[in-house]
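Once you've looked at the hints, dock chains B and C against the given chain A.
As a plain string of letters, each chain reads:
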Amino acid sequence: RRGEMAKATQLINNEVFRAFATYAAIVLLKMMLMSLITAYFRVTRKAFVNPEDTATFGKGEAAKKFLRTDPDVERVRRGHLNDLENIVPFVGIGLLYALSGPELSTALLHFRIFTGARILHTFAYLIPLPQPGRGLSWAVGYAVTFSMAYNVLKAAWLL
Amino acid sequence: RRGEMAKATQLINNEVFRAFATYAAIVLLKMMLMSLITAYFRVTRKAFVNPEDTATFGKGEAAKKFLRTDPDVERVRRGHLNDLENIVPFVGIGLLYALSGPELSTALLHFRIFTGARILHTFAYLIPLPQPGRGLSWAVGYAVTFSMAYNVLKAAWLL
Amino acid sequence: RRGEMAKATQLINNEVFRAFATYAAIVLLKMMLMSLITAYFRVTRKAFVNPEDTATFGKGEAAKKFLRTDPDVERVRRGHLNDLENIVPFVGIGLLYALSGPELSTALLHFRIFTGARILHTFAYLIPLPQPGRGLSWAVGYAVTFSMAYNVLKAAWLL
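Protein chains in written order, with the working numbering: chain A, 3 to 161; chain B, 3 to 161; chain C, 3 to 161.
Isolated chain A, as found in the complex (with noise of 0.2 Å):
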């Protein structure tokens, strides 16, 4: 038991597996900050879209005219399939990544621009900044997501 935990633990011992787990982490929270920001937003705008979570504001129309988009809860929306369209491919290809090898300082490289960029994109989505602010940091993080499955590619090639 001792000896096969030892054997487990030993990746979290290894410096850019520490690495990728910080980054993978925070970006994961991040994105699971977006269903507090939509549940924020569906409350204060008072706009839901299942019936049963209007009961409280009674039956009837009273509670039906709740049942409505508004603009701020669809572009938070907007932003947490954003984020699930990009963080997924940046966990996934980030650890097998992490896995091939690289060296320490290349691979924090890659972490820290694309953490970096995604905080940006969430701030010039919710905000919003002007373009082409959004455009530029989903780009960032999608250029760092291609770098590191390049070098998987390129380490673990066996089709």
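Mixed in with the good hints, there may be bad ones.
Note that identical chains are pooled: a pair holds if it fits in a single copy or bridges any two copies.
To be verified - Computed cross-link-like contacts, DSSO-like style, restricted to lysine-lysine with a CA-CA straight-line distance of at most 30 Å:
id: 1; residue 1: 48; residue 2: 67
id: 2; residue 1: 156; residue 2: 67
id: 3; residue 1: 48; residue 2: 66
None of these hints come from the bench; they were simulated from the model. Remember, predicted model here, so these are calculated numbers, not experimental data.
Positioned in the frame of chain A, the structure of chains B and C alone reads:
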């Protein structure tokens, strides 16, 4: 070759990793089930979104009337998207957590509560149960993932 | 340090893991490609969702008319969401499967069929091909992921 294979399968011999693999597979299968439920409601409610999907109902106006949204279909789709938003962080953070060397009993507690909460969430969404049933089951899964992320960051922190 | 690095890169020396890394990177890149196709259709069809994205078309009503949905854009977005719903389980379950010690030939069979099916699915969705083209390619990928999940649960089962 044999030696390498043995090394690669070490992880699956570790009990915490085996527990994670079991629960991650269960929640991912549960998420995949939402596709089948969506398909079931699309067919029984005759509510499709792609014109090519209604071709069996004839041509022109006869088929066009089945290109519509249905409340039951939309409800399952929202449940599916909510799964993506919550099960993706669980799988990503949970893997890092399983590799960070937690006690088996603590890890099992996290995995079991999350899995139970997400199964409850699906029932709460699809029946639907009155609030706060769905809200609470969502919050429990969210809190478990947050707790695992805290443990990952404590064990791995390298910024 | 060197020793640790060697341990961490053991996985990438394992052939099943290398095969998984290759196919996971390919399907994740394919999924990322959907973002570019969406952007391409948004620009060529002039169909945007965020007001700040239409600022280059002028102010007020001149720009507002480009805040609209377009069938081609919506089609790509549905394909993208379907990728998320199916490629996320493949990457999660596939990683656990690759670590559960399968035969290389069996693993390659799973990875290749899934990857082929998802590439076909994208073509079937975007062209679009008549049904059951898209339905079958979806079902094949689904069945492959299910088969891997069965093998993971058989090897890891610890509830």
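Among all the numbered hints in the text so far, which are the ones the structure does not match?
-> 2
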